[in-house]
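So the number in this note's numbering is just where the residue sits in the sequence shown, counting from 1, plus 951.
Treat the hints as calculated values from the structure; they're not laboratory data. Remember, it's a predicted structure, so these values are computed and weren't measured experimentally. Just so it is clear, CB atoms sit at the ideal spot from N, CA and C, and this is done for glycine as well. It cannot be assumed that every hint is accurate.
[Said to hold, decoys possible] Here are the computed distance ranges between Cβ atoms for each label pair:
1. N972 / G1013: 32 to 40 Å
2. F1038 / P975: 31 to 39 Å
3. S959 / Q1032: 32 to 40 Å
4. N977 / S1037: 18 to 26 Å
5. T1034 / D1003: 18 to 26 Å
6. I961 / G987: 17 to 25 Å
7. N1002 / V1031: 18 to 26 Å
8. V1031 / Y976: 29 to 37 Å
9. L954 / G1036: 17 to 25 Å
10. N972 / N1033: 31 to 39 Å
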Amino acid sequence: GYLYVYGSNINGGRALIFNLNNDPYNPQYAGTFNSGFSALGNYIHDGYVDNDIMYSAHIYSGFFSIVNVANKSNPSLLAVQNTPGSFTHNTW
952 GYLYVYGSNI NGGRALIFNL NNDPYNPQYA GTFNSGFSAL GNYIHDGYVD NDIMYSAHIY
1012 SGFFSIVNVA NKSNPSLLAV QNTPGSFTHN TW
């Protein structure tokens, strides 16, 4: 499986992806989702993945993103949706 890390202070708060398949006690870095938005837009507070689709809450930017993570080393943005109040805490 894979581990998706959200809300960290590493790499500007981007979603980090780690491979747990070989040794879950020593995760291997697999990739990062870079939204291409401003620094605040890259910070992902919360998210989840279902069938290689990641739903990401960009808490301070007022939107969530939908990302194809089938290619862990190069996730691709599928869609962005603004949310009311310019604050998106979670997507689940």
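Outcome for the supplied range 29 to 37 Å, where the beta carbon pair is V1031 and Y976: holds, 36 Å
Status of the given 31 to 39 Å range, CB of P975 versus CB of F1038: About 34 Å separates the Cβ atoms of F1038 and P975, which means 31 to 39 Å holds.
Distance restraint evaluation - L954, G1036, Cβ atoms, bounds 17 to 25 Å: About 30 Å separates the Cβ atoms of L954 and G1036, which means 17 to 25 Å is violated.
Satisfaction of the hinted span 32 to 40 Å by the C-beta atoms belonging to S959 and Q1032: The hint (32 to 40 Å, Cβ to Cβ) is violated, given that S959 and Q1032 are roughly 23 Å apart.
Range agreement (Cβ of D1003 with Cβ of T1034, hint 18 to 26 Å): Distance hint for T1034, D1003 holds at roughly 23 Å.
N972 versus N1033 beta-carbon gap, inside 31 to 39 Å or not: Cβ of N972 to Cβ of N1033: about 36 Å, so the range 31 to 39 Å holds.
Supplied distance hint 18 to 26 Å, evaluated on CB atoms of N1002 and V1031: holds, 19 Å
17 to 25 Å as the expected CB spacing between G987 and I961, which holds or is violated: Since the Cβ atoms of I961 and G987 sit about 18 Å apart, the hinted range of 17 to 25 Å holds.
Whether the CB-CB distance between N972 and G1013 falls inside 32 to 40 Å: holds, 36 Å
C-beta pair N977, S1037: status relative to the range 18 to 26 Å that was hinted: violated, 39 Å
Violated hints, listed in ascending order, are 3, 4, 9; each of the other numbered hints is respected by the structure.
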